[in-house]
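So the chains spell out like this:
Number of protein chains: 2
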Amino acid sequence: MDAANPPTVSRREVFRAGAAIAVAGVAATKAQTAHGAAVSLSPGATVLFQGDSITYAGRLFNKQIANDFQGLGCGYALITTAQLMDTYPTLRIQCHNRGISGNAISDLANRWQEDALDLEPDLLSILVGVNDVWYKLSGKSDGTVDSYESGYRELLERTRAALSETTLVVCEPFVFRTGSVGDSWMPEINAHRAAAKRVADEAGAIWVPYQTAFNDAITEANPVEYWSSDGVHPTLAGHALMARTWLDATGLAK
Amino acid sequence: MDAANPPTVSRREVFRAGAAIAVAGVAATKAQTAHGAAVSLSPGATVLFQGDSITYAGRLFNKQIANDFQGLGCGYALITTAQLMDTYPTLRIQCHNRGISGNAISDLANRWQEDALDLEPDLLSILVGVNDVWYKLSGKSDGTVDSYESGYRELLERTRAALSETTLVVCEPFVFRTGSVGDSWMPEINAHRAAAKRVADEAGAIWVPYQTAFNDAITEANPVEYWSSDGVHPTLAGHALMARTWLDATGLAK
Chain A
0 MDAANPPTVS RREVFRAGAA IAVAGVAATK AQTAHGAAVS LSPGATVLFQ
50 GDSITYAGRL FNKQIANDFQ GLGCGYALIT TAQLMDTYPT LRIQCHNRGI
100 SGNAISDLAN RWQEDALDLE PDLLSILVGV NDVWYKLSGK SDGTVDSYES
150 GYRELLERTR AALSETTLVV CEPFVFRTGS VGDSWMPEIN AHRAAAKRVA
200 DEAGAIWVPY QTAFNDAITE ANPVEYWSSD GVHPTLAGHA LMARTWLDAT
250 GLAK
Chain B
0 MDAANPPTVS RREVFRAGAA IAVAGVAATK AQTAHGAAVS LSPGATVLFQ
50 GDSITYAGRL FNKQIANDFQ GLGCGYALIT TAQLMDTYPT LRIQCHNRGI
100 SGNAISDLAN RWQEDALDLE PDLLSILVGV NDVWYKLSGK SDGTVDSYES
150 GYRELLERTR AALSETTLVV CEPFVFRTGS VGDSWMPEIN AHRAAAKRVA
200 DEAGAIWVPY QTAFNDAITE ANPVEYWSSD GVHPTLAGHA LMARTWLDAT
250 GLAK
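From first to last, the protein sequence lines are chains A and B.
0 is the number of the first residue of the first sequence in numbering that gives the first Met the number 0; add one for each residue after it.
0 is the number of the first residue of the second sequence in numbering that gives the first Met the number 0; add one for each residue after it.
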């Protein structure tokens, strides 16, 4: 080998070579969702959870290796990863969380290269939108539902251009009518939900219907406060529901 | 009411009165395990996970309210709680973690009143033993398997005397042959496992067979390192297996 001109091998190829040895002979899982969308996880697949504080969930920024408890935070990313590792132990999947509190769609775009594309995920899950709503309502930004939609579309197109084989998962933004979330939020979140659904469909992404799932879960025995205390962040019960809804939507549930 | 002599009402009674209102009409779950042991969770039931660093899993000590992500740490206590909250939403269970790193059976005894009995758990799960083994092998204590067994027996008898209705769950201590865990550990952990099983049976406790479950899980495709990197602490995959094994053993799995 010419040391001055080493052959170009991507991190993914190097990683997959190792993974292929570790799980030789193990077939990928191919799950079929209720809506016909297929999610295939290959041995050694990298899964990335991206988003705002709901995804972040207290993760430690200095723990960026895959499948690390503290690096995954204590929310739906951790619970989902735990379920995936338990359901598909022979696949040796590699899960990461790169959610950051307060992020709106423009914040994701600003850090997308290093915090998403460089990780070369085989499955990329995104949950963003509630801060776009909040910043608009509070006057903290001049963003609109149109700029959210166009920003989200650009992000997915950029992702598809860089990672043509990556499975995209778009999660429905959601709120609860409690805490700081009042009536004025509802038409805004509904418009942002619809925008996220449009870009998801255009990109051929899996759709995870969180607002719908939470609306169904709110009952007399389990009112809003069981799922969220502040209207934006889920309780642990809410994160557990998110993990189950995600696994159902992707067809990766047990 | 005489303010100077208020009627004596325990915290549990106060709490249960509230829980009864919140979940009026919801029947308790009664699950039957494969071994005939029944676990019943009543509405508002308090569940407590006690033990050492495996239970602790990075929890924050200033977050002691029930079902708090950070108060539960990022290990099997969190994953199990999430599963319980998702499976039995109408029961409104209240889960706590009071594991502390480095604890042996004598450390639990020293803090049992405030960190276990005072919480009045309806279900109390204990995992302790690996530090007893470690301290014995390293000469850090003069503990023996006999003192572990008698200490554990005393702890359960004391618990039964204070909380006659509490369901006890005793988790099998375990190690993995990797990291700092060498051959000399195996006869010791085996003796401690057997001792824990004896006191569990005497106390009528549910037994969670962790060492057995991990031994079964270790395969060519998923060697020891998938489950533990240091021989003592599980990986996230290991914690996920622990949560599933606990739910199966108690009969509380979905």
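Rather than coming from a laboratory, the hints here were simulated on the basis of the structure.
Treat the numbers as computed from the prediction; the structure is a model and nothing was measured.
Some hints here could point you the wrong way.
Claimed, not checked - With a Cα cut of at most 20 angstroms, we get these calculated EDC-like pairs of lysine to aspartate or glutamate:
1) 62/A to 117/A
2) 62/B to 224/A
3) 62/B to 117/A
4) 196/B to 224/B
5) 135/A to 114/A
6) 253/A to 182/A
7) 139/B to 215/B
8) 62/B to 119/B
9) 196/A to 117/A
10) 253/B to 156/A
11) 62/A to 145/A
12) 62/A to 148/B
13) 253/A to 247/B
14) 196/B to 229/B
15) 135/B to 119/B
16) 135/A to 182/A
17) 62/A to 224/B
18) 253/A to 224/B
19) 196/A to 224/A
20) 196/B to 148/B
21) 253/B to 247/A
22) 196/A to 114/A
23) 139/B to 85/B
24) 135/A to 119/A
Claimed, not checked - Partial chain B-side listing against chain A, Cβ under 7 angstroms, derived:
25) 60
26) 61
27) 64
28) 65
29) 69
30) 81
31) 89
32) 101
33) 202
34) 203
35) 206
36) 214
37) 217
38) 224
39) 236
Note that beta-carbon positions come from the ideal geometry of N, C-alpha and C, so glycine has one too.
So, going through the hints one by one against the coordinates:
1. 62/A to 117/A: With Cα atoms ~17 angstroms apart, residue 62/A and residue 117/A stay inside 20 angstroms; holds.
2. 62/B to 224/A: Roughly 18 angstroms between the alpha carbons, so the hint for residue 62/B and residue 224/A holds.
3. 62/B to 117/A: violated, 35 angstroms
4. 196/B to 224/B: Cα-Cα ~26 angstroms, so violated.
5. 135/A to 114/A: violated, 25 angstroms
6. 253/A to 182/A: violated, 38 angstroms
7. 139/B to 215/B: violated, 32 angstroms
8. 62/B to 119/B: Since the Cα atoms of residue 62/B and residue 119/B sit roughly 18 angstroms apart, the hinted pair holds (cutoff 20 angstroms).
9. 196/A to 117/A: violated, 26 angstroms
10. 253/B to 156/A: violated, 39 angstroms
11. 62/A to 145/A: With Cα atoms ~36 angstroms apart, residue 62/A and residue 145/A exceed 20 angstroms; violated.
12. 62/A to 148/B: Violated, because 38 angstroms separates the two Cα atoms, which is more than 20 angstroms.
13. 253/A to 247/B: Between residue 253/A and residue 247/B the Cα gap is close to 15 angstroms, so the pair holds against 20 angstroms.
14. 196/B to 229/B: violated, 25 angstroms
15. 135/B to 119/B: At roughly 32 angstroms apart (the allowed maximum being 20 angstroms), residue 119/B and residue 135/B break the hint.
16. 135/A to 182/A: holds, 14 angstroms
17. 62/A to 224/B: Roughly 19 angstroms between the alpha carbons, so the hint for residue 62/A and residue 224/B holds.
18. 253/A to 224/B: This hinted pair is violated, its Cα atoms lying about 23 angstroms apart.
19. 196/A to 224/A: violated, 26 angstroms
20. 196/B to 148/B: holds, 10 angstroms
21. 253/B to 247/A: holds, 15 angstroms
22. 196/A to 114/A: Not satisfied, since the Cα-Cα distance of roughly 23 angstroms exceeds 20 angstroms.
23. 139/B to 85/B: violated, 42 angstroms
24. 135/A to 119/A: Answer violated: residue 135/A to residue 119/A is near 32 angstroms, above 20 angstroms.
25. 60: This interface hint is violated because 15 angstroms lies over the 7 angstroms limit.
26. 61: With a closest approach of 13 angstroms, the residue 61/B hint is violated.
27. 64: violated, 11 angstroms
28. 65: Hint violated; residue 65/B Cβ to chain A Cβ min 10 angstroms, cut 7 angstroms.
29. 69: holds, 6 angstroms
30. 81: holds, 4 angstroms
31. 89: OK, holds: residue 89/B within 7 angstroms of chain A, min 4 angstroms.
32. 101: This hint is violated: residue 101/B lies away from chain A, its Cβ roughly 18 angstroms from the closest one there, beyond 7 angstroms.
33. 202: violated, 29 angstroms
34. 203: The hint is violated - residue 203/B has no Cβ within 7 angstroms of chain A, the shortest such distance being about 29 angstroms.
35. 206: Violated, about 21 angstroms.
36. 214: Violated. Min distance 14 angstroms.
37. 217: Violated, because the Cβ-Cβ distance from residue 217/B to chain A comes to roughly 10 angstroms (cut-off 7 angstroms).
38. 224: violated, 10 angstroms
39. 236: holds, 4 angstroms
In summary, the numbered hints that this structure violates are 3, 4, 5, 6, 7, 9, 10, 11, 12, 14, 15, 18, 19, 22, 23, 24, 25, 26, 27, 28, 32, 33, 34, 35, 36, 37 and 38.
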